[in-house]
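**Student:** In the order they appear, the protein sequences are chains A and B.
Positions in the first sequence are counted from 1; adding 11 to them yields this note's numbering.
Positions in the second sequence are counted from 1; adding 1334 to them yields this note's numbering.
The set of hints was computed from the structure by calculation and includes no laboratory data.
On a predicted model such as this, the values are computed, not experimentally measured, just so you know.
One thing to keep in mind: the hints can contain errors.
Only pairs whose alpha carbons sit at most 16 Å apart, straight line, appear in this in silico EDC-like list of lysine to aspartate or glutamate [as the list claims (entries may be wrong)]: (1) A/Lys-55 with A/Asp-96; (2) B/Lys-1386 with A/Glu-110; (3) B/Lys-1394 with B/Glu-1410; (4) B/Lys-1394 with B/Glu-1350; (5) B/Lys-1411 with B/Asp-1336; (6) A/Lys-28 with A/Asp-88; (7) B/Lys-1438 with B/Glu-1342; (8) A/Lys-55 with B/Asp-1336; (9) A/Lys-49 with B/Glu-1376.
Partial chain B-side listing against chain A, Cβ under 7 Å, derived [said to hold, decoys possible]: (10) Gly-1363; (11) Phe-1368; (12) Leu-1380; (13) Lys-1383; (14) Ala-1387; (15) Val-1416; (16) Asp-1418; (17) Ser-1419; (18) Thr-1427; (19) Leu-1434; (20) Phe-1436; (21) Lys-1438; (22) Gly-1439; (23) Leu-1442.
The beta-carbon is built from N, C-alpha and C at its ideal position, and this holds for glycine as well.
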Amino acid sequence: DAMVIQNPRYQVTQFGKPVTLSCSQTLNHNVMYWYQQKSSQAPKLLFHYYDKDFNNEADTPDNFQSRRPNTSFCFLDIRSPGLGDAAMYLCATSGLYNEQFFGPGTRLTVL
Amino acid sequence: GDSVTQMEGPVTLSEEAFLTINCTYTATGYPSLFWYVQYPGEGLQLLLKATKADDKGSNKGFEATYRKETTSFHLEKGSVQVSDSAVYFCALTNSGNTPLVFGKGTRLSVIA
């Protein structure tokens, strides 16, 4: 029973070529999050949505954008990926006690 | 601001050894506390949680007790298995849908 689904699991892009990562959820949670994680470090929050209310972290680069067209779906757009953007990108939703349910992640490689 | 401090890794144990991973926190109010586990190449999985003082979270043989007096939420398991090898993250969140605050993670390796 997949609850938070991320596609694709692996994404390869070229330096500067825009890329979109997708996330969907079957939990009907109001809150969705995007994290960046490098080398088993703690995940770094990029932004989150409470319903359609968008919250951008202060240090999230302008190169990263997000869309949430409805409750179930959320997208991460990287407009001009650099080598430093290679990472695992994690999507999560928030439950009753604020516990977060994570998807399996998308590993992004930038050539 | 809120913060989580967990013991540095890596931690290497033999199978069936006792595991403790220390986690302490600084937070205003009454946060909820979590342990997440991340297996290689995968996302984070919620391992256990505790939402108020003295609560004990438990799952898959792992336990952690919310100790408000010592602001701690140490993870323990009586007998680890090779399949427990992963990175473990302690985290907290305060009231409302506020984002998680993570510790830096502790890598555990269990050898047969």
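**Student:** Tell me the numbers of any earlier hints that the structure contravenes, in ascending order.
**Tutor:** Numbers 5, 10, 14, 15, 16, 17, 23 - these are the hints that the structure violates, sorted from lowest upward.
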